[in-house]
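Protein chains in written order, with the working numbering: chain W, 1 to 1215; chain A, 10001 to 10311.
In short, the hints are calculated from the structure, not lab data. From the three backbone atoms N, C-alpha and C, an ideal C-beta is built for every residue, glycine too. The reader is advised that the hints may include incorrect statements.
Said to hold, decoys possible - Computed, partial: chain W to chain A, Cβ under 10 angstroms:
id, residue
1, F798
2, G799
3, T802
4, L803
5, N804
6, P806
7, V948
8, R959
9, H962
10, L974
11, T985
12, E1070
To be verified - Simulated pairs of lysine-lysine, DSS-like, Cα-Cα distance not exceeding 30 angstroms:
id, chain 1, residue 1, chain 2, residue 2
13, W, K951, A, K10273
14, A, K10273, W, K1016
15, W, K523, W, K455
16, A, K10263, W, K1043
17, W, K673, A, K10263
18, W, K612, A, K10191
19, A, K10264, W, K1043
20, W, K1043, A, K10162
21, W, K1016, A, K10277
22, A, K10162, W, K673
23, A, K10162, W, K951
24, W, K975, A, K10191
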Amino acid sequence: MSVMLTKFESKSNRVKGLAFHPTQPLLAAALHNGSVQLWNYRMGVLVDRFEEHEGPVRAVAIHPSRALLCTGGDDYKIKVWDIRPQNRRCLFTLHGHLDYVRTVQFHHEMPWILSCSDDQTIRIWNSTSRQCIAVLTGHSHYIMSAQFHPKEDLIVSASMDQTVRVWDISGLRKGSPNQGGPGGSNAHGQGAFETFDTFSTVKHVLEGHDRGVNWAMFHPTLPLIISAGDDRVIKIWRMSETKAWEVDSCRGHFNNVSTALFHPKHELIVSCGEDKTVRVWDLAKRTAIQTFRREQDRFWVLAAHPTLNLFAAGHDSGLIVFKLERERPAFSVFQDTLYYVRDKYVRSYDFNTGADMGLLSVRKFGSPYVPPRTLSFNPAERAVILTINSENGLYELTNLPQQSQGEVKDSSADGKKGSGQSAIFVARNRFAVLNKTAQLIEVRDLSNTVVKSIKPPVQTNEIFYGGTACLILSSPTAVVLYDIQQQKTIAEISSPPVKYVVWSNDSALVALMSKHTITIANKTFSQHSLVHETIRIKSGAWDDAGVFIYSTLNHVKYCLAQGDHGVICTLDNPVYLTRVKGKTVHCLDRSARPRTITFDPTEYRFKLALLKNNYEEMLYIIKTSTLLGQSIIAYLQQKGFPEIALHFVQDTNTRFELAIECGNLDVAMETAKAINRSDCWERLAQQALKQGNHKVVEKAFQQTKNFDKLSFLYLATGSKDKLSKMQKIADARGDPMSRFHNALYAGDVEGRISVLRDVGLYPLAYLTAKTNGLEDVAAEILEAAGLTEADVDDIPSFGTSTLNPPPVITPTTDLLWPSVSTGENFFDRALVNGQLEGGVEPAYVNGDAAAAVNSALDAWAKEEEVHDDLDPEEGGWELDADGGEFQDAVEAPVADAEEELGAGATPGPNETELWVRNSSLAVDHAAAGSFETAMQLLSRQFGVINFVPLKPLFLTIYRSSHTYITTYASLPPLKLHIRRNPSETSPSRVLPVGVRSLASIRSELTEGYRFVSGNKLAEAKNTFRSVLESLLLVVLSSDEEAKQWRETVTAAREYLLGVSIELERRRVAESEPDNLTRQLELAAYFTQCALQPPHLQIALRSAITAFARANNQAHAARFAKRLLELKPDPKIVAQARQRIAAGDRNPRNAIEISYDEFTPFEICAATYTPIYKGSPSVHCPYTDAAYLPQFKGSLDPLVELTEIGASASGLPAAW
Amino acid sequence: MDSSDLYHTQQQFTLAAYQAIIQQPLPDESSSDYTPSLLYKARSYIALNKPQSALEIIPTDSDNVALKAVSSLARFMAASDSTESEAALEELRDLAVEIEGDDAEASEKDKSLVRVLAGTAFARAGEVEEALETLGSETEDLEAVALIVQIYLSISRPDLAKKQFDRSKRWAEDDLLLQLIESTIGLVTGKDNYANSSSFYTEQIGNPSLSSSHLLTARGVIRVLRGEIQEAKSDLDESLQQSKEDEETEAALVVAAGLGALKKADAEELWSKFAAKHPLHPLVQDSNQKAEMFDQYASAFIQPAVAATSA
């Protein structure tokens, strides 16, 4: 038999009391050493400790809805605690019991606390007034437990006096028990006990245990009581309104039974005792099902979680939290269907429709208490293999019914069984079964006969599908990819025991999940990466983009193939992921019910795009979602994409840092200006120096007034005029060192001498003059120093000084060293002017190739546009100001910066440009005034080549998309652009107003119909033409509208064709009245146009008249028959019948015409002759009107817009 | 502090109730309000495109730079050829330079007005950069800000316009003109479905102390922008009743008609009437220009012969 599924275990002093938190994964444990522990059993951490009781604590309870904990100890006290971490404290203490408190419990709705004690009383306390409101007396020994009934006003208690008692406390609810309570009036004191008895009465006394009773509780729904006693027996009692009686006993424990519980959901009893066992019993049969033994520790207490399949047991050296059964449902996903097991039924769930139905019962498969462990689905045979843990592992192969029948069949009928721990399909007609003890893998065919036996190369605990003809073997230290056919190991990855394996949708990647690790490998195991989780990993599924989404106990996370992972959302309860589709995760919850979680995939999509360098998608994500915050910036920085992070950041300081990091000097400069701190300028100078951009260096040095370095920089760049300016500045500053420096750099000997003279260094001045051959200056100095030649004749004579600044060979003042590319990257392009614009929709948006083409075109267009914005900044800080006043010069860049805001404002992208960029509809381009692109689009989409008829339309549309308003006196009016959706302001989505709506065009079409009915054919023809023209330039917003649009086009074409034919007939009738054949043909063709019944009637009647007159009676009769089908007026019916009769009498045609109504044909819109089915024809790319092949390449005569037979892409779906 | 009459005039001017200003009698010549009122009156004439009337009321011998500037602007507007307009622009340039000098006697207010008028003329002449330079981005004159904002908007830089506006919010408090500026920005950006602009004009239409058909026109335009075509039409019609043949209103009506307020044929008729009447309106000019472009582009497509009708 299987072992207990231990979820959590802690070591501590003896545990005497346990209580689950109803909603959070918290468990309170009362310890024999006086401490009360609060554990988070899911995370395995001790959340809190409450240590105010003296001596052992036995009683503990958590409030069903509030953050309250109640404890009772051997110090006779009951304490109520606030367990919220921020204000955890003992709220109050209830005094009253005169001996050990054994159990406490909160009432489920009243503010009552129930306690029982060795002082032989049960007390009920009001937790609001903190007073004892009832004392139940009657037991004649220690009372070991007392429990409220979950619904009714009843209490059940168990006592060492060998009885279980049921108390009726309905009086307590009705009365106002607080009055006269012992806390309220001390005068009554202990003597007031009688008063309480009126509120509560002993309803039943259950006698039957031969020893003291340790525990008694009510069944949550049935009128049953369970009790456990020192007589090693668990007794089940039934009660009615009037009496209660013993139903049965469960024997098996061989020492005192501490606790026995009804399972909250199943018909089971769970008990524990001092015989160191936890036992599970069948409530209906009263037979033992499972026994979990512990070597050392006696069990003292058992608690059940109120809603989950979770139990806790306290023993001599701690506590354990355990499950009785695996909750992970067996499931398997095939395409859009999930096959899974719930309540021992195999079910299918359609991800798209949500249809969920039972297919097969597996009730008789294995133990009735154990759910199947795994399910493997074979789509070819529509069969499943289930495995189950009971009876040392079983498998069963069953075919699923083709259609869901009324009655679900049981697998035992035709299932093929066998023993084995793990069984999976490995091919269409083969499955593999692992026998763990024998370490043998058998491959069997569908009739369950062994076709091959494999000895696995490693100790194998579980097998999984490993791709075609391969198995994945999970061993304690590794996973092995094993080829069944060749019987050899293909690859091996060391890993903790793998428990689940999930293949990606394209079978390129596989996720190998163990308890705490996920290994993502490719299908040959040649590449892999590892994710480690501290929390238990529960399940996982692949996203369509190749991202692995997995769930742990409390999170849904994602993991990229290279190993990056992160949290998507948190979970209250574990779920088992089955399928990820877009933003939806399909999963099964713990009770195996399908549900979905919607999440935001932005973060991992972004990271994925980053990995794949898919900048377009990244930009799209940046634009469309609120992906912000420090974490993503830190991520980008950490992954070495500071230049991308730059685009997320508004904060100037961070921007500066990032800009420095990625060497984007322009941004760094800009932000440095904003920050304007000397350390920033210094860092900018350093970075710019590294990149060789000495202009930026210059500016930075100027900002920090770093004159020395500036001078040196000028020397290095050979900028002589600037050096001379520096000299002037140095003069102005009166700094002799600086003056000397600059003079030296500039090669200005006189300057140097004059500095030396000014500071009184005559000897140096003299020598400088002397060595530079400036004899008269030297003499002057001597004179100034009051000396003569003679006085200095002891000075050795030096040769002429060669000290000179190096000559400038290549002036680099205006050259920038080829530095780090200032990165005109995708983002810079997209983010010109600091605003996110542009309509680069990634190609996948609607999976439409056209979109991709357009976005590529847009990207091109954009590239061209931005070049002028990228001019390197002008040297702003020109030093040619004559005065040489440095202060003035420093002022200059400031003014400059302001100028930029003021006069130098470059025009931004016009709204019409945005429209053009955002749309691929000709009408939007026309509205934007970009007629050229509009025409190109029309020509590409519909093959339009003659635009002249469209001119008024274009102009109307353009005109109607812009309006003007003067907002301030005498200024030229402001041009405003009318948008399609006024609530949309994002530059990447604005679109022009739709000037003509489909509805308005359709009403125009109706007008055309009226003209036809009124026999104004010329007007009708114009109207239909205009309709067809307008339809080229209409905004559609849905598939529905697109369909309507196509219908309208077709209808207008048919009418236009029909009207044209009829007009031609009238022309022929007038100009060549003898050409009867042609007239008749045209009349016949007119009837072949797809007109609406009333108009078709007109066509038919005119044809009948014409044919009858020409004595083509057979044809006339045919038309009359067709007329009858349209159910016309009775008068017309009568005429038609006459025609048919005439035709029957004389079924002949006087004139032979080219008209075969029995072969379907189209009518050439140029010649008005039939093109019978099967004959070659060309079509108008817009209206689809048919033409004889010789017209290919000419202008269609019908609407006079398109080139016949030109290729066209059709209307793009823009919604 | 301005007198209440002057304040009222200013409000009217801001809300384009030019007709009302013109009809008001000027105060006594000795009054301190005289010159400012005269300025507003003259500017109203100019705004109504009657520069000759403006020139008539401006005394030619005044030393006041603002008056000089107004008459220059009037001459600029009245100019029939480029030499005349260039001369007027030159005058304004001189004035703008003159007031920059330290020895200029003009009051700060007059100086800013000169800048505004010069800026207006420059903007009209298409000298965006010069206009912005003249107005100065650091100005604390709200009229100048209004101009700057509009200029920015006209070159599709609502971001800069917004910046200017935000800057002026700091010192201009809740001036009517400031609200107008905000609403103007809203017209271009379309923020919150033009809510701001719409409520501004609706509010001002309800203002009992003045009435201006311009407000109705403006609201009509906003309604067009919001896609409420029928409502827009009723606003515009009402506005036209108040001041017949207003060019701007008619232009807006043409657009509304094109968007379905009128039947196709009627809309075409309205348009051709409008185009004939106001050949200089940007809508007409723009449209004509586009028509030429259309012909040019359309001719780029090589047209094959029409498929013969008789085979």
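Here is how each hint holds up against the structure:
Interface hint at F798 (chain W): violated, since its Cβ lies 57 angstroms from the closest Cβ of chain A, which is beyond the 10 angstroms cut-off. Interface hint status for G799 (chain W): violated, as the beta-carbon distance to the closest one in chain A is roughly 59 angstroms, over 10 angstroms. Proximity of T802 (chain W) to chain A is violated relative to the hint, the smallest CB-CB distance being about 52 angstroms (cut-off 10 angstroms). The beta carbon of L803 (chain W) comes no nearer than 49 angstroms to any beta carbon in chain A, farther than 10 angstroms, and the hint placing it at the interface is violated.
A hinted interface residue such as N804 (chain W) counts as satisfied when its beta carbon comes closer than 10 angstroms to some beta carbon of chain A; here the least separation is about 46 angstroms, so the hint is violated. Here the hint on P806 (chain W) is broken, as its CB sits about 43 angstroms from the closest CB of chain A, past 10 angstroms. About 6 angstroms separates the beta-carbon of V948 (chain W) from the nearest beta-carbon of chain A, less than 10 angstroms, and the hint is met. Taking 10 angstroms as the C-beta cut-off, the interface hint given for R959 (chain W) holds, the closest approach to chain A being about 5 angstroms.
Given hint, H962 (chain W) at the interface with chain A, holds; its Cβ is 7 angstroms from that chain's nearest Cβ, closer than 10 angstroms. Satisfaction of the interface hint for L974 (chain W) is found here, the shortest Cβ-Cβ separation to chain A being roughly 6 angstroms, below the 10 angstroms cut-off. For T985 (chain W), the interface hint holds, since its Cβ comes within 10 angstroms of a Cβ in chain A; the closest pair sits about 5 angstroms apart. For E1070 (chain W), the interface hint is violated, the least distance from its beta-carbon to any beta-carbon of chain A being 15 angstroms, above 10 angstroms.
Of the supplied pair hints, the one linking K951 (chain W) and K10273 (chain A) holds, its CA atoms being roughly 19 angstroms apart against a limit of 30 angstroms. Between K10273 (chain A) and K1016 (chain W) the CA atoms are separated by roughly 29 angstroms; this keeps the pair inside 30 angstroms, and the hint holds. For the hint pairing K523 (chain W) with K455 (chain W), the CA-to-CA distance comes to about 23 angstroms; that is within 30 angstroms, so the pair holds. The hinted pair formed by K10263 (chain A) and K1043 (chain W) meets the criterion: a straight-line CA distance of about 26 angstroms does not exceed 30 angstroms.
Between K673 (chain W) and K10263 (chain A) the CA atoms are separated by roughly 58 angstroms; this puts the pair beyond 30 angstroms, and the hint is violated. Proximity of K612 (chain W) to K10191 (chain A) is assessed by CA-CA distance (about 36 angstroms); at most 30 angstroms being required, the pair is judged violated. Proximity of K10264 (chain A) to K1043 (chain W) is assessed by CA-CA distance (about 25 angstroms); at most 30 angstroms being required, the pair is judged to hold. Annotation: proposed proximity of K1043 (chain W) to K10162 (chain A) is violated, straight-line Cα distance about 44 angstroms (limit 30 angstroms).
Between K1016 (chain W) and K10277 (chain A), the direct Cα distance comes to roughly 35 angstroms. Violation of the 30 angstroms bound is thereby established for this hinted pair. As the CA atoms of K10162 (chain A) and K673 (chain W) are separated by approximately 21 angstroms, the hinted pair is consistent with the 30 angstroms bound. A threshold of 30 angstroms between alpha carbons decides the hint, and for K10162 (chain A) with K951 (chain W) the separation of about 38 angstroms lies outside it, so the pair is violated. In summary, the hint linking K975 (chain W) to K10191 (chain A) is supported, as the alpha carbons are separated by about 16 angstroms, within the 30 angstroms threshold.
Violated hints, in rising order: 1, 2, 3, 4, 5, 6, 12, 17, 18, 20, 21, 23; the structure is consistent with all others.
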